[in-house]
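Fit chain to chain and form the complex, with the hints in mind.
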Amino acid sequence: MTLSTSLTFSHAAQQMRTIQDAITRTQAQISTGLELTAPSDNTATSVAITKLNSALSRQQSYLDTMSTVGDQLSYQQQAITASQKDMNSLHQLALQAATGTMNPGDRQNLASQMSSLRADLAARANSRDINGSFVFSGGRAGTAPFAEDAGGAATYQGDQTSIGVAINEQASVNVDRPGTEVFTSVARTAQDGTTRQVGFFQAIDDLIAATKAGDSSKITRGIGELTALGDGINAAQADVANDQNVVTQQQTLIQQTQLQLKKSLSALQDSDYTTTITNLQKESLSLQASQQSFAQVSQLSLFNFLK
Amino acid sequence: MSDLLSIGSSAVQAYQAALATVSNNIANMNTVGYSHQEVSLKQVGGSGNGTLHIGAGVLVTGVKRAWDQLAQSNLLSSNSSLNTQTPMVKYANQVVNVMGDGQSGLSPALDNFFSAAQSLSASPADSALRGQYLSSAQSLATSFRTIAGQLVTVEQDSRAELQADLEQFNALGQQLALVNGQLSTGFTAAAQPPALLDERDHILSQMSGLAGIEVSYAPNGMVNVGIGHAGGQATIVQGMKARPIGVVMSDTSPGKIDFLVDPQGSATALNTLTSGSIAGLAAVRQQVLDPASSGLDSLASRMSSIVNALQAGGIDAYGEPGSPLFGFHAPDGHPAQPSAAALTVMITDPQKIAAGALFRSIGDPTNASATQASVTFSADAATPQRPGPPPLGRLLVNNPASNPAVDLKVAASGILQPLATVPAGYRNTSLLLQTNPAGGLDLRIFTRDGTQLLGPTLAPGDQKALVENPVNGFAPGTAVPLQDLARAAGSAYRGLQITYGAQATPMGDPARATLPSSPLPVGTDWSVANGALAINGTSLPALVHTAMAPGASGFSASEVAQWLQSGLRANDPAVAVAASTTLTLSASNLKLTSSVPFSLNGVTVTPPAGGFSSAANLADAINGVAGSSGVAATINADGSLTLQSTYDPAAGPFSEGRDFTIGNPLQSSLPSSLGMPAPQGGTLVRGSIRLASSGAIAVNGAASDLAKLGLRAEARLSGTVPEDLLVFGAAAPGANGLGTISAAYQDTGFDPLTEQRSEPLTITFTSPSTYTITDAKTGTLLASRSGYSEAMGIQYRNLSIRFDGTPAVGDRFRIDGNQDGQGDNANIRAVAALQTRTDLFPNRQTVNDAYNGIVSSAGQVSTQATIAQQALTVVNNQAIKAVDEASGVNINTEAADLIRFQQAYQASAKTIEVANQLFDTIAQLRA
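Sequence order for the protein chains is A and B. In short: position in the first sequence from 1, add 141, done, that's my numbering. In short: position in the second sequence from 1, add 9, done, that's my numbering.
Excised from the complex, chain B in its bound form (with noise of 0.2 Å):
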């Protein structure tokens, strides 16, 4: 028989248990994390007799905690992706908020600068509206770095909440590993304490609005946590061990972030977080901050330099072209890198301003016409229509010391060929020609307009030929007869001295100028005519050939030397002449040990048995016959040997410039003591002359004429060249062209802008298609032209000059650098007409539309997020129903519970008090 007692003491323990259960659920409704528990009940067996069962009682088996897995995984992950936006709604709103307001955003610091330049416009010599400008720029200035700075404050928060965020995540990850610890002693979920199970929960779900994780539970209720998926996973919390997530932000560019897991231990990059607030901020980082802040800093950049480079093309209030507007400093007043927190406005004079045009035209007030030219000059336009051959300096190294070194040939048609262009700004430039008699090379210099500045002067009817071929690189419309400044004394052209010829100038102590020959060419039969040479403006007389020399090989320098002397004597130049004629065989060509005689101007110089013991010997050999041959040796300091012809008195003044034969009286095709085999009839040695004067010697005269006298031709010009100058090399028919050259010059740069500024030039029609340009100061005539047409107007240079009318004939106007022109406005409504250009920003957009197109990408960001987040609210707000639903707390449940148990609880205490009745009640009976 059952208990009846044992039974109601039995339900009683568990009614207790199940009210202190309902208990506990009202105590812990408003608990964060609390699951709803209930107890599990269990009929307790009976001893069986026969058919009849009956039950001993009930049994408390445990709490069970209410609890959900599959709604739990999808709160988590709906967290993580909810938290994702709210970090991008918030930041994104903060930009536009920044960038986009009304009174402190960029767009009317811009409105106000384009007003101010447009006010200042219509009155440009208004110190005031000057003033009212200056200030605009820099409100502009203060505007790009007051946004830049309120950026960077948006950076840093966002850069704070991601650190912080993370930190928190990483002591939630310990924290969890604790709990795991703890629940790493039970075998199954349901044994262990349900509290602890809460909290692991609670943690998880923490972690899942931080950053999106997987979560693998263990039977005993452990669970590890990755970030990923499967493949890609990156292990954050593994049974007792928690790994913390670092990251890695540079402080110059928002958007370039890198995590990594373990960042003190086994780093490795985490690539895989893309949802969480943590993934959150980074894509607003990258996706709103980073594009706002560089777009910003582009503008900033782009805006200064096109506003500095319309500045520098025009003239300020003093007449001076403009400095830079805006520049670039930290705070600290140190130049910076181009950013929208660095731009500053460098002018504080606002007369620094550059209202007005480069240049200007004024028509002389007595023109008969009313026609007004309008000038523009650029910079680019250095290529004129015609550039010609190409310049100097790439086809020809700076050699200063003058060794003619590229072959050059050019056909001897007696038609220029165009060689090479001085580029203006070249300082000091020479060329080197050397040719020979035979060569008949010279050297032609022009203007591009086609004034001629060295050579000799081109016959009127090969002018025309000349300028008008484009590749000359002549103006068009150049007009001939060409002015030859060549012919002039002095040649000098706007201040460039130039001379051409052989020529050298006083050096060293004491001051004395030498200008060496090299051996003199071997001739067939040449002269020189009257006057073709001239030494320092002396004229020399010809030398001629038949009259003087001997034999097919042309003069010896012993005769020139004779020649140039008498010339020279007879008009008493301070001008020293010498020649000689020299060989030296250096030591390793000299064969001491060869027995094969050799002649010297036909004395025959036969070597000892076993040949000469040294190269000392071999100089007394041949000086022992000196007397007769007219040829001595020395040895050198190196061990060479020099022959030289000897001073004859018999022969005369000059006669150590005679020429020497070296033969070969055996014929040997075998080397003599002097090296290699003389040829038959021997080897013709021959002299050279030199110069020398106290002061500067040139010799003019073409090219193939001082190549006579073994003399080289400099085309030198002395200073800076101010144009472009255009060489050009002929050669006369019959000649073979053929020659070397070689450069020497300083390429020291050159700004046009100073130049044509500081030269006013005056143009004058002299007829309805023909006009002269000269310069306004001197007069030089710089260039005569015809064809001159309203359409294409004139392009002098870098300017380009165009006329309303048609002006007539002796019409003046003259060009010059405005240096006066307070009143002009053509730059700065350049700067007003900014405000409406599409064709200087990216994308065809205008300065302020390229401003609202970054605040507009930041908008869109912020859209896109706000109707995410609206959207991921209700999937959130259906998760944590689920939840809730399975594991909360509801009051009106508890509260039948409560009376439920507590019924039970009474019925079965009455069994109790029912069972005690029936005991007393045997008792009696006993009784």
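Chain A with its partners taken away, still in its complex shape (with noise of 0.2 Å):
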């Protein structure tokens, strides 16, 4: 087979073109870290690391979500703590003013204490957060849950929307706490043996009033409603561990998943440097023989020899 000259120069500027080609790609594979330098290098593979990309993205929103969760939480948190001590003081009052030794100076004096406790209380109820929300007035953020009305008395301003927030594909956790979950209500039964239900501050305010009158009897249901609404701010505490223990675990949840995310979207899209390396070191050499076979066939030529 004889072919014309021209076609035998073209052929072999062709090849080195096509080698030349190659070593380019993988000199920006080296360089990016990439193995694909563009999409169409190979769609199925880049759609793959799209996804992937998106897998990731959608990960990190829901560790971005569960950081603003936490930060919620431990609002409740420091609030309900507070809370607690305060109730603990109040118990210990209520206890002294029961005793029946006191003169009325002294019921006058534990009845400011109370309310100094009370007020605290009511702060605690009212917290807001970074954004200036209230933290437990449910999905009314700007409405202060406790807020005392003309009368002084604080009824719940709040309503009952429980914002839940994903945390993962199928999971979410509360992130609000309704006011009346945490400074509950508490049944009261009157003389005629009917019973209602009688808000946080209001039983507070009852007990406060009768130790300031020095009404027994009322002090000792106080004591016992006092029992009943600490119970129902330890319950809410524990509540509120328990949806924090849920955050962590999922943090950490999310931080696995993300790792086999990152391994399986480096093997499709790093290059292998030592691969890569390899290729180029072939195709350089393979570059360097057809650049030195070239010059050789195109020296062989009949009128070097006609002389």
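Please keep in mind that the hints were generated in silico from the structure rather than gathered at the bench. Where is the CB? At the ideal position from N, CA and C, for every residue including glycine. Just so you know, not all the hints are guaranteed correct.
[To be verified] Quick list of the computed label-pair ranges, beta carbon to beta carbon:
no.: 1; chain 1: B; residue 1: 61; chain 2: A; residue 2: 440; range: 51 to 57 Å
no.: 2; chain 1: B; residue 1: 800; chain 2: A; residue 2: 311; range: 19 to 25 Å
no.: 3; chain 1: B; residue 1: 151; chain 2: A; residue 2: 436; range: 49 to 55 Å
no.: 4; chain 1: A; residue 1: 433; chain 2: B; residue 2: 923; range: 50 to 56 Å
no.: 5; chain 1: A; residue 1: 379; chain 2: B; residue 2: 343; range: 31 to 37 Å
Right under this line is the structure:
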């Protein structure tokens, strides 16, 4: 088979160009550290990489969310822990008031100590987070949940909206805690035998009034109510602690998932330096050989020998 | 003897030509399209002498062009196939790179958008997060627009390339036609100048790269070129004539491409273009660009409608339902059709992002149980569990002219029969019921929760059966006894004013209401009970048949008017009563030529011989006896004749309302002057009454009692119906249940969302299984239901309310429009959850996967085209080699030829020298 001289030359040039292209691509793989220099190199891999990146981004957003949730839970935790202390002190004072050996001045003194504790409790119940939203008012983030009305009574002003936040594809945790779940109401049986629910602050206000008046039966009733109210706060604290555990566990889980995803992503997207550099050497060698053989072959003309 | 000198000289000439040809081959070694040439030598036969034949030298017969037609046609077809793939690879890769880029593709923008929604869901009142979400929405829209814009660039590039290719193809066709013209002068291809044939083949080779062509060769080397195989072939070049190809491309759909042959002349569609770069460009536009851009557009429009629907289903930080987040606008700001290129964000205020739910429940702080309720609103839930009778608008057309037109028949069982549902949103609805005293018909209207708004009260025993029958449309669990507002004074329900009876409102100037009746029905024995009817609240005394009415025809208008007048005067309402008895006969009905006599109240009127000469004569004849008959006649402007009872002071007030009888004294079967023959006993003409007042008039009572006065019953609901109302008909046992009904209404459309958000409700549990629903603002009882279960929850209008535990008796829950729920995240959570939902996009994919699918499809085309391109390159190289083998110039061959011919030349020159020496030898001998 005889080929024309020009075709021989253009073939040689074409082959060198092909190797040159391969070298350029390999160099790009080395310098970017990525297997694919453009999505069109391998669309299927490129789409798989896109999907893994999406999954990673979603996991990251869950993780970000959980940090917000963790902050919210901390606000609740702080307020609840402080409230527990107040309740304990209040309980102590109420027991003193119930001893019956108090003179009116002492009782007034006790009552005013109780009032200041009650004011502190109200401040805790009306805690705000860093954005200025009330922690215990449900969806009514801009409404103080236990604001006092003109008569000094503090009934719950928030709502019962439970604000769940997704922490993975399936599960969610509640980021808010309606005030009535912490500062609960308590059942009170009147003398006529009827039972009605009395709000948290109403019960305390009634106890303070009884202390001032020295009404021992009402003080005793108030001590019972304080215990029930304290139970409510303790239960809320347990709930918050439980939620915090869920968040911590979930954070660990998501970090593990992220690690897995990153591994898979790296396997697809990162170029393998050993292979790539070997390829580069192979291709360079091939180019050099082509160039040298071309130089040789191009000298081979009959004319060179006709002298 | 041969001439040695001439042999030598012929050889020298021949080898000179051969050397020149070799030189020319070497010179054109790198000329594209050049075919190797060689001289054809032929020996010259010499003179023969016996058995001795000595040749006379050599002759150049021509320069032969090395050419292999089969190799050439293989080259052409492989050129076409290979060039089909080139643009497909190029543009499919461009699309993949535009859409699949890890940074600028849509996928990161979508991820970002959902991440921002997720972050906002953790702290919905945080305005910084709201801003972040809004800007992620803007980035998403920008991403859609950018990718769409890049696809447009790819589209424009491919369009320009296609047009350039076509222009080149058409120019080549014209060149080929010119070459054909030059070739046409020769007779054989071998005799044609090789350069011309080379040019022809070079043009064909270029053309084949652009489009798959079929070439047919004429013996003289001319060629015809067609596109497509025999059968569906379109001729492009025929002899010296070339036909151009034109293209029509759509501006909106890249895949819509039509090729035409000879677009300026006799244009014919070209659909046989299957290979070559032009076909490849068309294919990549159809298979890659079109699906990519339309897929992106539908993704943008779907995404926008889904997010906007969620947005509309939530409340923003101002407590209002969300407005659309995405819209479609052209760069100049005008609204545009949904497309990725026009996707824009419509909201600029982050507070307008609807993060919260439309409704919420607030348990009363003093509730004994810790049960909480959740509320969902569904616009689609407008169809309740028990739809009840069909909507009014589907049964009766809006007929403000108020002529009861549609026949109605209700079973006379006393059981309520569902007639229609008046849908929420109807304004100023009015139902007119015409019956007669024997009809016994009446209407009743209830809410779906059993509050009776109109009509006589139902016996408690019947209430239970009514609400429990599923076809009646009452809410399941509706508790009895039912609340009856129909008996309450004022009869108003949620802003709706309700009246029932015959009524008229003042109109015109001076403002005066008139309430006309139809002619009183012919009854056999009827009466009105004491208090059964009331005019403007004044009860009327009994109208007893036996006391006042002789005969079997019931009361005359005159008697009814007297009774009304006496009853009203006693209570002194400002209502005037009038009565009249009239009968109008149209001009065409009169038989003036008749000679048959007729009588009026027994007074005979006999026509003159040959009949009356005019209607006026007839009227004169009637009026001539009016004094005794009590019936007068008048001729109206339209020529009709009206008969009416006259006022008779002796008969007392309202005597214009007396009945009169048209008789047939001769019992003739022929028509009298008044028209048709009167039956035996005559025709009774009854009167009607009219009530007038300077204020409104309302006559209240059952429809069948109103019918006794010739009045129609009207159920009037003034204002906007705030919730579906159920209309029932009932007929008393023993009645015939017949009547006609018509309706007037304005269907203004209804937004249940706005309505329900503006009306907070209170749900109160009255026992473990019963509850009431009241309007929280007014305390109006809306529903009282039994049969509550935790599994079913509560369905009220478009709301579905569920409880997470067992409510205690006395627990109250307020359901409101969440106007101050800035901390609620229900809606933005739903946006964040969109990312993993597979039920919203085609083929059960998530939005990201729907997008990745578009990229993958383009990638598949690119991969296939790349593989095909590699395979076809091998084929093409083979074809090039085959052609090259036949026609290429090899420098070594030429060098050898050069030496070969040079040596031959030198040898030939030597023969001349030898000849010369021989000549000299001979010359010396002579000398």
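Of the hints given before, which are not true for this structure? 5
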